[in-house]
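Q: Chains R and B, in that order, give the protein sequences. Numbering of the first sequence is given in the working numbering, commencing with residue 1 and proceeding in unit increments. Numbering of the second sequence is given in the working numbering, commencing with residue 377 and proceeding in unit increments.
No lab work stands behind these hints: they were computed from the structure. On a predicted model such as this, the values are computed, not experimentally measured, just so you know. Keep in mind that the hints are not guaranteed to be accurate.
[What the hints assert, rightly or not] Within a straight-line C-alpha distance of at most 20 angstroms, the following computed PhoX-like cross-link-like pairs (lysine-lysine) qualify:
(1) R/Lys49 x R/Lys301
(2) R/Lys223 x B/Lys782
(3) B/Lys614 x R/Lys223
(4) R/Lys278 x B/Lys549
(5) R/Lys278 x B/Lys915
(6) B/Lys426 x B/Lys403
(7) B/Lys511 x B/Lys915
[As the list claims (entries may be wrong)] Covered stretches of chain R, as calculated for chain B (at least 3 residues, CB under 8 angstroms):
(8) 98-111
(9) 203-213
(10) 280-294
Where a beta carbon is used, it is the ideal one built from N, C-alpha and C, also for glycine.
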Amino acid sequence: MCRLLSITSTDPISPMVAIRAIDVMKEGHDGSGVGLFLTDLGGEFYNFKDEPILSGIFSNEGLRNLDRYMIDHDFMVKYKLSIKPAKNPPVGTPKRDNYVIRVYEYPEEWKGLSKEEIEYRLMMVQLQLRYMGEEDESMLIFSFWPDVIIIKEVGDPMAVAHHLGLDREELMARVILAQGRQNTNYTINIYACHPFFIQGMATATNGENTAFIPIREFLISRKFPGYAGYQSDSEVFTHILHYMHNHLGMGIEMYKHIITPLKDNELDDHPNGIWLRKLKQCCRPLIVDGPNCIIGCLPDKSVFMVQDSKKLRPGVVGGRPGVFAFSSEMCGLNAAIPDSYINLDYQPMKYETVIVRSERQKIEIWNQLEALTHPH
Amino acid sequence: MESVGSINPSTLSVKDLPWQIMWNKDKCALCGHCTTVCPVRAIELGVHRKRVLQVSIGLEEKPCNLLSVYFGIAQRTDVAHACVGCGMCNMVCPNNAIMPLRSDEIDKLRFHVNQGGEPRRRGGRRNSPDSILDKIKFVRISMLTDPALDAGRHEFELRTMLGRILPPEEMQKVSIENGWMPPVRELYPLIIGSMSFGALSPNMWEGLQMGVAYLNEELGMPVRICTGEGGCPARLLKSRFLKYVILQIASGYFGWDEIIHNLPYMKEDPCAIEIKYGQGAKPGDGGLLMWHKVNKLIAAVRGVPQGVTLSSPPTHQTKYSIEEAVAKMIQSMYMAWGFRVPVYPKISATSTLLAVLNNLTRNPYAAGLAIDGEDGGTGAAYNVSMNHMGHPIASNLRDAYLNLVKIGKQNEIPLFAGGGIGKNGNLAANAAAMIMLGASGVQTGKYIMQAAAGCLGSEGDRCNVCNIGVCPKGITSQDSRLYRRLDPEKVAQRIVDVFSSFDMELKKIVAPLGRSTSLPIGMSDALGIADADAADRLKIKCVL
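Use the sequences and the hints to build the structure in full.
A: Next comes the structure, spelled out in structure tokens:
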């Protein structure tokens, strides 16, 4: 089963902290891939907080196509971090030409557009580039969003990290989400590497979601262009979160009510049972069937973890004020924050959502059986 | 000289019949039970003359004939009394001396069951054992990364919904505006399909209702039963058990006077209202209750005179078109119960299904769609309708579901599939296959009649005399001498058995697929079939 780790810290930290924790949990992943989501960036990127950053892998030809496309669409490169990998990649990692992390300036004509419109257009640029490079794999695009960097590669996480030199200061970030992949029933495809990202939010999951097909059908039939891809059954978790957040306007405390709703008899006793039952009915195709542990990051840089009742070994969250980590295994947490206050360690159970907000002062625990805080 | 006997075109021999009675003289006790029980009087007391040649040893006495008589069974060969193969004679025979056997070749009777120009009518089923549903396998078994679940000990949520479900955005809006939210019922995905009071005997009906009540109130299984077109006895309408009942209205409107009159006395709303536009067994044809079965009780419930054949028109005569029917009829049914009861149409499977479905998607009141495939059963229909009319359910249901997926309304209009579910005994497997093809639930009638009441029908044209009220098991008869054979308590017990075992089998299917938190509607990746064309048509895996 894949291994997950997220770390959220007041002071920017190196992605290597997460990679080392993933490495500690190596028994559980087969080195078939690694994914890193970095946000609330430190380093040089801190100076470009509002400008979109493109993350991806490009062949030389793909890079030329990218430049052509971006120039045509009036995007100017403002800052770039070039990662020129060593000639011989580690075993299992394909040879790549360019790993690209570039900050662009918004086109002139985007000025004055609403936030929603800009966010929509950024997503569409990401999708168009992805589709352009899909056939010949000349362009692999992971994100195009302000204050977000995503790095993905096939191979052993530690070996990939050394290969790409991920200990660079520019990549320091306050929120890091990482996954060490255990390739399951789908072929090794870099787009199947977690974390998955859409419009500012990302999730990584372990386990397998057996309700994948009906969920995918439901999401695709929302006709939102971003609900695409699905090389992994776990991508739906990100898109359900997005659908809930952006289309239904609900906060993170509703996520579990959608993916793992309460049972009928539990709803009978819930203070908001009548409304929650309606929600359960109309979001029925979004009910997941795990076992799954999901760690994610919201646009406001809150980090959360949820899991379903079938997850026999729950993930854990712990740390100390200022720095917290979410890990699929206890040893990952210990590796990420060796000096954490162990009395703060918390393993969320089947009703719970744990959240660490961007203030990074405490672990909030939200229980599904509690009354809802917002009127719905 | 004129011959003593005569042969006319419809004179048949025993050999010409589909069923031949095999009778063993040595075992026969001449008790007469078989001739009494035979529903079609195919056998009668036979007085057989026999000549024995007596040849003495020696030459003194000349050989002579000894004429003797013995008693036994004679099989009648006229069309009206041809054996239907029900086998009741065998069931009542103390010595197992008699049994109908299927002819070894195609019978000649079929060319003559139109005496007086009246084509054959019968009850029962399509008499074709083929079933694509039986060929579907569940191939996505959870292994290693997602271990299979324990069907016996894990918690499963296997309920479904009937009712118009709003899309999430609209649900929020209606909720904030405190507007009307369509009623939605949460129920068990196996519904007892529409079999009318009239088609079924009072004892059978009572047994079904008791079984359903027990399942709901003692076992907590929200099982629902549809009345079919024939109304509902007032005692049930006024009882708290009405909430387990789906009332059907069909083109004859039989029984609806009684229902409307009882509206003020209802303590509970019915589960739902099913508007029957078509029936899979006889698509494009209306209900048919032959005069044999219209006795005083049935006449009273249906509001008709006794002893007349009740043929419903093929369509609702007050409506000009499906659009109007859907718009007006659904709405008026909603109004009758103050918009608290879901109303949905039932149609026979047809290649024009998508036109109906698309119409429903635009009607905010349509609470679902029941589709009845060609393998559905019936109490009475023309043979030609049953055998040759209709559309198989699997591809029709799949088309409907995928169409809903295309327009994003797969969760808004639940589809219920009927017609051939469990026709060869594989109820849970067939039901699970339909659910994974996209059905929210299934309706079944024949399986219930066989398992809960011992119906003798098979897919080999056995019995099939439901239409003329002579059901030897008392399931579809209105003759108290027949239906007293059926103990309602025992039927209820069997209903409970059927649902309990179905539930376990369904769990045994979904558990290895790793599904437990919701009914796997549309989980088509779990399905496979060893037929490339079928796989392609149903958009599932071809597995060899």
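Q: Which constraints among the numbered hints does this structure fail? Numbers only, ascending.
A: 3, 5, 8
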